[in-house]
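Note that the protein sequences, when read in sequence, are chains A and B.
Heads up: the first sequence at position 121 corresponds to 129 in the numbering used here, and the numbers run straight through without jumps.
Heads up: the second sequence at position 360 corresponds to 362 in the numbering used here, and the numbers run straight through without jumps.
If you are wondering where the hints come from, they were derived from the structure by calculation, not from laboratory data.
Keep in mind it's a predicted model, so treat the numbers as computed, not measured.
Backbone N, C-alpha and C define an ideal beta-carbon position, used for all residues, glycine too.
Honestly, I wouldn't trust all of these hints.
[Unchecked claim] Rough simulated footprint, nothing fancy, chain A against chain B, three-plus residues with beta-carbon under 8 Å: (1) 133 to 145; (2) 342 to 349; (3) 367 to 375.
[As the list claims (entries may be wrong)] A short, non-exhaustive set of chain B residues, derived as facing chain A with CB atoms under 10 Å: (4) Asn175; (5) Arg177; (6) Leu554; (7) Gly555.
[What the hints assert, rightly or not] What follows is a set of in silico ranges between Cβ atoms, one per label pair, in the way DEER data are often shown: (8) Glu633/B to Leu95/A: 45 to 53 Å; (9) Val187/B to Phe67/A: 44 to 52 Å; (10) Glu559/B to Asp168/A: 45 to 53 Å; (11) Ser507/B to Leu95/A: 25 to 33 Å; (12) Glu633/B to Asp84/A: 52 to 60 Å.
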Amino acid sequence: MRHVLGLLLLAAFSAAAPAAAVAGATNIAPRTVAGDLDTVMSLLAQRRHGKVEFIEQKFLTILDHPVESSGELLYDAPDHLEKRTLLPRAETLVLAGSMLTTERAGHTRVLDLHRYPQVQPFVESIRATLAGDREALERTFHVEFSGTVRRWSLTLTPLDRQLQRSVRQVQIDGSQDQLLRVEIRQTDGDRSLMTLRPAASP
Amino acid sequence: MNPRRLAVAALWLGCVGVAAMIVARAHYVTDLSGFLPSRPTPTQQLLVDQLRDGPASRLILIALEEGTAEARAQVSAALASRLRRDRQFSSVDNGEPVTAQRDREYLYQHRYLMSDRVTAERFTPAGLHAAIEDTIDDLASPAGLLLKSLLPNDPTGEMLHILDQLQRTAAPNIRDGVWSSADGVRALLVVQTAAGGSDTDAQARAIESIRAAFAAAAAATHGAQAVQLKMSGPGVFAVAARAKIEHAAVRLSIASSILVVMLLLAVYRSPAALALGLAPVASGALIGIAAVALGFGAVHGITLGFGITLIGESVDYSVYFFVQSRRLPQSAAAGSNWQRAWWPTIRLGMLTSVCGFASLLPSGFPGLAQLGLYSISGLVAAALVTRYVLPALLPAGFTIHDVAPLGTRVARLLRRPRQLHGWQLAAIGAVLAALALALLHQHRESLWNRELAALSPISAADQNYDATLRGDLGAADVRVLVIVSAPSLDAALALAERAAQVLASLADSHVIGGFDSPSNYLPSKAAQAARRSSLPVAAQLQENLRQATVGLGLNSERLRPFLSDVEAARGAPLIEVQDLQGTSLRAGFDALILRQPSRWNALLPLHPAVASQPIDARPVAAALQRAGLGEARVLDLKLESDDLYAAYTTEAIHLSLAGGLAILVLLLIALRSPLRVMRVLAPLLLAVLMVAAGLALSRVQLTILHLVGMLLIVAVGSNYALFFDRQADLHEAESESLTLASLAIANASTVIGFGLLCFSQVPVLVALGTTVAPGAFLALLFAAVSSRA
């Protein structure tokens with residue numbers, strides 16, 4: 009429950025946080041291969057269910073070492089995404105439609121993504137990609153595709169000015185219809201890196 | 003007119019004039035007080051204050067339905083912004099984050115005074131280490147990237163802890179930026195009026211203002227024509243109930259007056275007789291209200307609503323007078339003959355009724371006590387006017403249409419049953435009574451309705467709608483409250499903090515789901531001071547922090563903002579109530595503080611562990627007791643108000659039985675024969691039993707008002723029975739048919755008056771109507787059949 013309250017706080021603090029933009033955006037604009045993007049999207053769209061394990065590392069300037077969490081990520085087409093963090097603390101986050109439900113230590117909270125657009129990059133990027141919903145992605149982000157169907161990379165830049173102040177980019181790497189790596193880069197140089205691998209068979 | 007008649011008329015006019023003046027100047031109340039105890043215990047007083055003017059009484063729930071979700075959201079925003087500018091409303095909330103910024107600033111700025119985790123231990127190297135480690139774990143959570151900006155200033159996570167304490171209840175859903183029901187069909191707003199809930203006039207004005215603001219907001223919003231406004235809440239109910247009772251009382255009084263007037267005109271065929279016949283009724287009503295105004299200081303609207311009950315009996319007196327005094331052509335002689343032959347009987351009937359209603363006088367239920375006084379004084383006045391004033395007012399040569407043929411027809415109808423032998427009648431009566439008693443015994447568990455809501459003039463549909471809105475808002479009705487009180491606000495807050503500790507452990511063990519406390523919004527001075535003094539000086543904190551961060555991968559240099567924030571908190575003044583101004587926390591705080599003369603009460607509403615399961619107050623009370631908080635009260639609002647009502651019902655039953663006993667004694671003294679008393683009372687008791695059985699059979703649960711109705715059956719019916727008893731002494735054929743005619747007319751007017759009540763929308767009036775109308779008819783029938791010509 010607490011972290012959701014944190015989300016509520018965000019409006020005040022992320023807006024107030026100094027936009028310590030980190031220089032060094034040395035990305036060379038990748039060539040957009042429209043055909044390959046559509047191929048990857050349609051491959052992803054065909055996949056109705058997914059269950060993967062994740063390990064997420066957050067690299068924060070304030071901390072010397074990254075903090076790590078791990079758990080499972082579940083997806084059901086078209087818009088149900090569930091992130092079950094098991095370590096270091098059990099916590100479940102369910103995104104269904106625009107409603108984000110979180111459960112932690114027996115407390116459940118629900119919030120509407122429409123109300124907290126600042127949360128969108130963290131969840132919508134992954135869900136829309138899993139859904140192969142290019143339109144949904146392009147509603148929130150400027151989308152760049154690089155690589156091939158076998159080894160692709162999406163670079164998502166928030167369209168919303170407010171969002172741009174906190175999140176610089178979300179990069180999702182994958183192969184065919186699998187997501188392998190999600191990296192969220194913030195404007196202050198902090199980033200989180202989530203690596204995914206197929207869940208051990210039940 | 004001779005001087006004596008003139009004097010009588012003048013005296014009567016004088017009395018009526020004085021009564022009219024008192025009535026005109028009387029104070030009329032329409033709040034709940036008629037349903038609330040006149041001699042409350044401290045707990046009941048709290049309940050009464052809560053119901054009358056407590057924060058819950060000032061809530062108006064607004065729902066916007068129909069139209070598109072987008073249109074509803076826009077109207078919600080436009081309506082809220084209009085209402086926020088209206089001083090009639092102390093708070094307006096629709097989910098828009100209008101005060102969110104100020105709320106956060108207040109909490110963030112005062113976090114070291116507000117967090118109950120701030121202790122000296124927490125700022126030792128070990129305490130800091132544990133707290134910061136916890137916060138770093140939080141950073142690993144999905145929301146970590148959003149929380150990290152708090153870390154430099156608040157590495158121990160006090161801000162999140164405060165928010166956690168405040169937001170224990172589920173917040174409503176948000177759609178398109180405003181509160182919405184879970185199914186998304188309606189947008190929701192909650193407003194609190196500045197005026198108390200018992201100020202029905204102010205509530206009515208507030209409701210009108212909301213309607214006007216809605217109309218303007220909907221008109222100004224594109225595509226919002228279809229959006230509908232609905233309102234609910236205690237004030238809305240009070241206004242609707244008042245309108246309903248007024249409407250019913252006025253409409254029904256007019257309708258029954260017209261019908262009774264038509265009936266009397268048809269019988270008397272004389273406008274003068276009609277005018278004279280209504281004189282006792284009008285005098286009785288005026289004097290009755292005046293007596294209540296003098297006796298209670300204020301007249302309750304409910305009492306006025308029962309004015310109709312008086313028509314039932316007092317109109318009978320003049321009917322008896324006109325019809326039965328018709329035997330002699332000279333009016334003066336007719337009057338004196340009637341006085342000799344019938345006045346003692348009417349007087350006895352009146353005294354019987356007075357005995358019945360007197361039993362209501364000692365009731366702790368002011369509504370009943372007022373009704374008792376009103377009926378007694380009204381009946382006595384009506385009888386006296388009939389006895390002394392009517393004969394004086396009769397014009398020379400006054401006569402009414404001959405009603406003897408009517409009496410003859412009634413006698414013909416009764417001939418067959420009257421031919422039965424005494425033992426046969428007794429047997430039939432006994433069988434009927436036994437059947438009725440058996441039926442009542444069978445229904446004994448569900449015979450009485452013990453919920454105060456049974457008297458509520460609000461329909462079940464409206465109550466369900468209210469419950470739906472509250473469910474949508476996540477503000478499920480608070481049923482159980484812990485209340486601590488003290489002579490000062492600060493002392494009450496300190497007690498609330500102690501109670502909160504007990505409740506927190508109950509929440510941990512899932513006895514309760516959670517609770518709210520005013521000390522979460524404004525801690526007591528002592529708690530704040532203790533927290534402030536537990537903050538170490540800057541140098542000490544810096545050293546502690548250096549040690550604490552070893553091995554955490556967190557450079558203490560990055561926590562410089564924390565050091566300066568703590569230093570600022572050490573020198574900051576304690577928080578006062580005024581600091582809450584301009585935040586939504588103010589409304590939350592006010593809702594949990596109830597001020598009584600020289601007492602401050604802090605309310606800690608409890609939330610059930612499982613939403614559908616009510617909280618058991620006993621373990622809560624026991625835990626508070628163990629913690630030395632014996633003076634803390636655990637108040638189950640529904641249980642308490644139902645208990646209150648059940649006590650009234652029990653009391654009213656006992657008082658009615660006492661009244662019945664008094665009637666028995668009175669009749670024994672007056673009639674001097676147990677057999678005659680039995681013959682008078684048996685038809686009445688049978689009528690009451692039959693009505694009660696009929697109600698039980700049609701699954702109507704009896705309320706206090708049914709009991710009052712039964713009392714009225716005895717009051718009205720005793721006249722019938724006594725007349726038959728007297729008639730048996732007279733042995734006159736012509737007199738018999740006149741008696742029957744007068745009783746039939748009197749009965750018809752009573753049945754009309756009360757029968758109309760059955761068509762009312764107000765449950766209390768329906769209860770009265772469905773009891774008295776059939777009861778009065780049965781009483782006449784049984785009394786007539788059992789009497790022998």
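A quick look at each hint next to the structure:
1. 133 to 145: Held - the segment 133 to 145 of chain B has 8 residues with a Cβ nearer than 8 Å to chain A, which meets the minimum of three.
2. 342 to 349: With 0 residues in contact (Cβ-Cβ under 8 Å with chain A), the coverage given for the segment 342 to 349 of chain B is violated.
3. 367 to 375: violated (count 0)
4. Asn175: 7 Å, holds
5. Arg177: 7 Å, holds
6. Leu554: 8 Å, holds
7. Gly555: OK, holds: glycine 555/B within 10 Å of chain A, min 4 Å.
8. Glu633/B to Leu95/A: 45 to 53 Å: For leucine 95/A against glutamate 633/B, whose Cβ atoms are near 47 Å apart, the range 45 to 53 Å holds.
9. Val187/B to Phe67/A: 44 to 52 Å: 45 Å, holds
10. Glu559/B to Asp168/A: 45 to 53 Å: The hint (45 to 53 Å, Cβ to Cβ) is violated, given that glutamate 559/B and aspartate 168/A are roughly 34 Å apart.
11. Ser507/B to Leu95/A: 25 to 33 Å: Cβ of serine 507/B to Cβ of leucine 95/A: about 29 Å, so the range 25 to 33 Å holds.
12. Glu633/B to Asp84/A: 52 to 60 Å: Taking Cβ atoms as reference, glutamate 633/B and aspartate 84/A lie about 55 Å apart, which means the hint holds.
Checked against the numbered hints listed earlier, the structure breaks hints 2, 3, 10; every other hint is satisfied.
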